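Trainee: Here is how the chains run, residue by residue.
There are 2 protein chains.
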Amino acid sequence: MRIALDAMGTDAAPAAEVAGAIEALHELDPAIEVVLVGDQATLEASLARHPEAPVGRLHISHARDRVTASDAPASVIRRKPNSSIVVGLKLVKAGEADAFVSAGSTGAVMATSLFTLRPLPGVARPAIGALLPTAERPCLLLDAGANVDCKPQHLLQFAHLGHVYAQDLMGIANPRVALLNIGEEPEKGDELTLGAHRLLKSAGGLNFVGNVEGRDIIQGVCDVVVCDGFVGNVLLKFYESVAEFTIGLLKKELKHSHEQLNLEEVFRILDYAEYGGAPLLGVGGVSIICHGESSPRAIRNAVAVAAQAVRSGMVTHIAREVSPRVNHQERA
Amino acid sequence: MRIALDAMGTDAAPAAEVAGAIEALHELDPAIEVVLVGDQATLEASLARHPEAPVGRLHISHARDRVTASDAPASVIRRKPNSSIVVGLKLVKAGEADAFVSAGSTGAVMATSLFTLRPLPGVARPAIGALLPTAERPCLLLDAGANVDCKPQHLLQFAHLGHVYAQDLMGIANPRVALLNIGEEPEKGDELTLGAHRLLKSAGGLNFVGNVEGRDIIQGVCDVVVCDGFVGNVLLKFYESVAEFTIGLLKKELKHSHEQLNLEEVFRILDYAEYGGAPLLGVGGVSIICHGESSPRAIRNAVAVAAQAVRSGMVTHIAREVSPRVNHQERA
Chain A
30 MRIALDAMGT DAAPAAEVAG AIEALHELDP AIEVVLVGDQ ATLEASLARH
80 PEAPVGRLHI SHARDRVTAS DAPASVIRRK PNSSIVVGLK LVKAGEADAF
130 VSAGSTGAVM ATSLFTLRPL PGVARPAIGA LLPTAERPCL LLDAGANVDC
180 KPQHLLQFAH LGHVYAQDLM GIANPRVALL NIGEEPEKGD ELTLGAHRLL
230 KSAGGLNFVG NVEGRDIIQG VCDVVVCDGF VGNVLLKFYE SVAEFTIGLL
280 KKELKHSHEQ LNLEEVFRIL DYAEYGGAPL LGVGGVSIIC HGESSPRAIR
330 NAVAVAAQAV RSGMVTHIAR EVSPRVNHQE RA
Chain B
30 MRIALDAMGT DAAPAAEVAG AIEALHELDP AIEVVLVGDQ ATLEASLARH
80 PEAPVGRLHI SHARDRVTAS DAPASVIRRK PNSSIVVGLK LVKAGEADAF
130 VSAGSTGAVM ATSLFTLRPL PGVARPAIGA LLPTAERPCL LLDAGANVDC
180 KPQHLLQFAH LGHVYAQDLM GIANPRVALL NIGEEPEKGD ELTLGAHRLL
230 KSAGGLNFVG NVEGRDIIQG VCDVVVCDGF VGNVLLKFYE SVAEFTIGLL
280 KKELKHSHEQ LNLEEVFRIL DYAEYGGAPL LGVGGVSIIC HGESSPRAIR
330 NAVAVAAQAV RSGMVTHIAR EVSPRVNHQE RA
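The listed protein sequences derive, respectively, from chains A and B.
Just add 29 to the spot in the first sequence (first one is 1) and you have my numbering.
Just add 29 to the spot in the second sequence (first one is 1) and you have my numbering.
If you're looking for bench data, these hints aren't it; they were derived computationally from the structure.
All values derive from a computational prediction rather than experimental measurement.
A hint or two may mislead.
[What the hints assert, rightly or not] Some, not all, of what chain A presents toward chain B, calculated at C-beta under 7 Å:
1) D178
2) E220
3) I247
4) V260
5) T275
All C-beta atoms, glycine included, are put in the ideal place defined by N, C-alpha and C.
Let's have the full structure, built from the sequences with the hints guiding it.
Mentor: Shown next as structure tokens:
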């Protein structure tokens with residue numbers, strides 16, 4: 030199995046990507062190979078600093094350009110055809126790689142994935158899933174930012190996308206799917222969530238547990254929570270900052286009290302890097318988006334998630350899950 | 030100055046309210062008087078346990094009914110005219126009290142305030158303001174849940190409401206007002222925020238600092254942040270739970286390490302009770318909504334906020350701020 034890894038994505042590219050790829054190859058399934066996508070000379074120089082690299086399973090695919098924050102996401106495919114994002118996704122499209130992982134511009138990875146891998150038949154709006162740390166196992170939030178101005182049927186589709194992801198990647202046989210809302214009662218909400226609640230309630234094949242409020246997510250009451258991409262994006266960014274803020278306050282206290290404390294376990298639970306990136310769900314291939322400040326560990330975990338998505342046949346499962354249901358909606 | 034305090038609102042009513050009222054009378058401006066609104070016999074029995082109560086400044090207004098979670102908010106005014114919420118707000122309406130404070134059902138306080146105190150001329154949508162603890166001083170978030178399905182001009186009005194609140198209650202001469210969005214660039218957002226950004230940018234009399242993302246709020250980059258009531262409500266509830274969750278994780282670690290730590294300062298910063306309730310802004314009177322689980326301290330702080338709102342002439346300021354601008358919008 031070959032994972033194409035954008036080697037020009039992180040703020041510390043390509044060092045973080047190269048180190049992460051090597052970690053993945055050493056620690057994960059020996060059937061995995063990684064294709065580093067980026068400038069050949071730069072990557073060779075970076076690899077030279079890693080004598081421990083398992084060279085037979087580590088390849089380079091040359092891409093001389095790098096997408097930057099100033100590139101308009103939608104124009105990357107046309108304006109930067111030799112960028113690591115475009116080259117990497119084309120490897121997947123051509124069947125030369127089984128999945129793509131990138132810590133580059135979220136917008137550019139998303140737009141180029143949509144253009145290259147195309148939405149699966151029946152998927153109106155592919156969505157970004159993000160794993161939120163909770164009191165229990167993590168909760169998949171989607172859409173985390175791919176779509177603003179959603180309609181109720183889009184939220185229903187997000188539920189199906191999340192259902193499959195939770196089964197295939199989180200190992201949950203019958204994932205609890207919830208709708209993010211401002212009250213638990215079915216009659217609470219705005220136009221979007223009122224409509225989505227009705228659709229979700231009557232949808233087949235979903236373990237819909239009803240509305241959840243902002244405060245419920247963290248209690249671990251559901252495995253998948255669906256919302257509009259605007260709300261999801263605001264919430265996701267807010268989560269990180271509140272956790273950091275709270276830890277910061279506590280650290281200051283610890284300093285005052287001259288006490289030392291091992292916070293590693295706390296940081297591990299709250300660390301996004303543990304969860305291995307956010308998948309773009311609903312396109313015809315595996316595409317995983319990582320933070321721009323991803324550590325080698327985060328890259329390694331994203332490669333692991335990509336490999337599991339491939340191994341589990343997630344894309345096929347999504348195609349099967351979504352297609353007939355969408356037709357059902359259209360007929361209705 | 031008389032503050033009408035719903036004595037049947039908290040989960041621990043009337044004990045928390047009575048204790049909070051007495052704290053307020055002892056600690057705040059001696060010109061303040063509190064009218065406890067609730068069942069007379071119950072309140073007299075509760076007061077009998079407080080020999081320290083300054084009886085001359087503590088009054089009772091009898092209301093035999095209590096609004097419960099099962100009462101539909103909009104029907105309370107009609108179905109429970111003798112409830113503490115309706116009786117208390119009618120005292121304000123009749124000029125027998127200058128402000129109302131309640132820890133009862135948010136929906137019922139809101140609906141009854143709207144009906145009794147009426148929206149100020151030109152205010153299309155009164156909004157609930159909520160103070161979020163941040164790295165700097167608290168940030169006022171509005172709307173925190175009064176209005177879902179907002180239009181751009183509603184968000185503009187929230188900005189004006191928040192502007193006055195920040196001036197009068199937070200003592201900020203030129204409050205920085207921001208729009209909650211999924212990107213800092215003006216061209217980012219959904220239909221609502223794109224439209225609101227345009228209105229806010231060209232609005233007079235506001236220190237509009239542009240879009241902020243979920244992660245920026247906590248950094249203290251603005252004094253007021255406006256958003257749709259759906260997003261605001263989800264965010265507010267999420268905030269509390271993430272902070273609690275993070276503290277919980279750290280506490281567990283502290284236990285493991287057998288160390289003791291004084292977390293009082295941390296809890297103080299993260300404690301909503303410190304901030305004294307959420308004002309309903311844009312109605313013809315002062316109405317402050319508190320948590321159902323408010324402590325006496327939280328009640329005392331809400332009375333303090335109510336008193337400052339009265340003293341500063343907040344309602345008059347809002348009327349002046351909003352009215353001409355709305356006319357301007359209508360002419361446009």
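Trainee: Now, for every hint given, state plainly whether the structure supports it.
Mentor: Hints and how they fare:
1. D178: Since chain B brings a Cβ to about 5 Å from D178(A), closer than 7 Å, the hint holds.
2. E220: With a closest approach of 5 Å, the E220(A) hint holds.
3. I247: holds (4 Å)
4. V260: This hint holds: V260(A) lies near chain B, its Cβ roughly 6 Å from the closest one there, short of 7 Å.
5. T275: holds (4 Å)
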